[in-house]
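Colleague: Below are the chains, spelled out letter by letter.
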Amino acid sequence: MRRDMKRFFFICLLLLTLIPCAPAVAYAAEKEASDTSGVNVSEVIFSHIGDSYEWHMWTWKGHPVAIYLPVILYSKTSGWHVFSSKHIAEGETYEGFRIQTDALKYSSKLVEVAPDGSVTRPLDLSITKNVLSLMISSLLILVIVLLTARWYKTHDSEKKAPEGLAAFMEPVIMMIHDMARENIGEEEYKKYSPYLITVFLFIITNNFLGVIPIFPGGANLTGNIACTLVLALFTFFIVNLFGNKEYYKEIFLPDVPVFLKPIMPVIEVFSAIMKPVSLTVRLFANMLAGHIQILSVMCLIFIMAKYGGALLGGMTVVSVLFGLFLDVLELLISFIQAFVFTMLSSIYIGLAHQKETHKQS
Amino acid sequence: MSLVTPDIGLVFWMVLVFGLLFFILAKAGFPAVTDMVEKRTEGIRKALRDAEVAEEKVRGLAREQEELIEKTRAEQLKMLQEASAEKERIIAEAKVQAGEEASKILSAARDQIALERDNAVRDIRRQVADLSVAVAEKVLRRELDRQGGQQAYAEKLADELTDRDLKQEV
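Line by line, the protein sequences are chains L and V. Residue numbers for the first sequence follow the working numbering, beginning at 4 and rising by one. Residue numbers for the second sequence follow the working numbering, beginning at 31 and rising by one.
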């Protein structure tokens, strides 16, 4: 009975994998007709992992279905500009601005075109796809956490076990809270645990949203270096602005032999700077790599479309199964990276609050 | 190249939105949850501690009760032993007293008997003396009536009486 069920599921899975074949074949045929170069994989992948001025969802009968987001620009010559990105879609120029497509510099970014044809980059504060995703995820976290907090305010939690959303969120919040206590110490941890919980929830929510392929997911916020850089800088400033005397003494006047005294501060300062850099790159690279992997495996289907039905069908099965595996792996990585970022942040904060170390005589 | 150059717009929005999110959650979100959970943890810890103390107390009470029962039982045993000893003592005492009383009565009876016998002997003796005197008188009178024979008879009687008296004396 169990084996029958297994076989049934396996056949269903195989049939499901055939579904992407139809559009793939159509797409390939369409491409074949328009040009002979096939699918530009790197363009497809980079447009998915990169930022954009509109939220493209799918193409319907040759027209893109997309959410056009507001563009906010400040130009040194013409001041502030606010307009919908619909005006600059398809490479059009609007109020002297257009999206740079061909050139290597400022690729796929808005540039200001001067009358003489030279391009400059204005101050670009547009609500891009990533910014919208950032707002959506933040709103989601805000609502979830405030609803959880409301349960604790309206119920006597000493008499009643948490239920519903509170029961779901409590272990998550307390996991990071306890981690903060462990890594920072009894006296100081309460000050920093809200930051660490916020960071954890923020990263894991955005990681998960990144794995979901349809709106409101699909943006690659945590795989964007600006996002991870800001998070790492938050940690950096919290560590270095609230570090205690002992922390700075360890950096500038460490208890080392005299000939090491001038070298140690240099090393320590370098290490303090490298900590946020490593935080930035670790999260960014992991999430980016995950997205690229899944997209590459999916693109294999479209590449194979050129080479006929047998190869296409075979590759589709392999790609979908492997893509499924990578998606599940990505869920695991989403959690691990959020956890690692939070844990390292708490350890760095803890290092900045350590008590006087025992002097060895 | 744009992958590794942070975009100033996203940095700006990131700082703003994340900062705002952090500020709101740190003020109104997490402390409410963590404080309540910590309070609850402390409450549970305290309840467990109290339960342990109560259990200890109950255990102490049970022990005390057991001790009390043991003590009572010992006391009971002691009392029983004492009572039985007392009984033995009283019986023994009573026996001794009874013996003494009996011997006293016996000796008194013996004394009485001895006294009675003495009296009886004395009485008999007096009567015998009186009787002898009377007999002697009669004999004497008859002897005296007939000279000679009278005399011999009187002497013979006197001798016999004297013999009997002597035998009785011995």
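By construction, these hints were calculated from the structure, which means they are not laboratory data. Nothing here was measured: the structure is a model prediction, and the numbers come from that model. Be aware that one or more of the hints could be misleading.
Listed below are the simulated SDA-like cross-link pairs for lysine to any residue, each with C-alpha atoms no more than 20 Å apart in a straight line [as the list claims (entries may be wrong)]: (1) Lys168/V - Asn149/V; (2) Lys193/L - Val88/V; (3) Lys57/V - Arg184/L; (4) Lys76/V - Ile350/L; (5) Lys69/V - His356/L.
Here are the computed distance ranges between Cβ atoms for each label pair [unchecked claim]: (6) Leu46/V - Glu185/L: 43 to 51 Å; (7) Leu46/V - Lys156/L: 25 to 33 Å; (8) Glu189/L - Phe53/V: 22 to 30 Å; (9) Glu185/L - Ala104/V: 55 to 63 Å; (10) Phe325/L - Asp65/V: 41 to 49 Å.
Don't be surprised by glycine CBs; every beta carbon is placed ideally from N, CA and C.
Colleague: It remains to establish, for every hint, whether it holds in the given structure.
Modeller: Now the hints, each set against the structure:
no.	hint	verdict
1	Lys168/V - Asn149/V	violated (28 Å)
2	Lys193/L - Val88/V	violated (39 Å)
3	Lys57/V - Arg184/L	holds (19 Å)
4	Lys76/V - Ile350/L	violated (31 Å)
5	Lys69/V - His356/L	violated (25 Å)
6	Leu46/V - Glu185/L: 43 to 51 Å	violated (32 Å)
7	Leu46/V - Lys156/L: 25 to 33 Å	holds (28 Å)
8	Glu189/L - Phe53/V: 22 to 30 Å	holds (25 Å)
9	Glu185/L - Ala104/V: 55 to 63 Å	holds (57 Å)
10	Phe325/L - Asp65/V: 41 to 49 Å	holds (47 Å)
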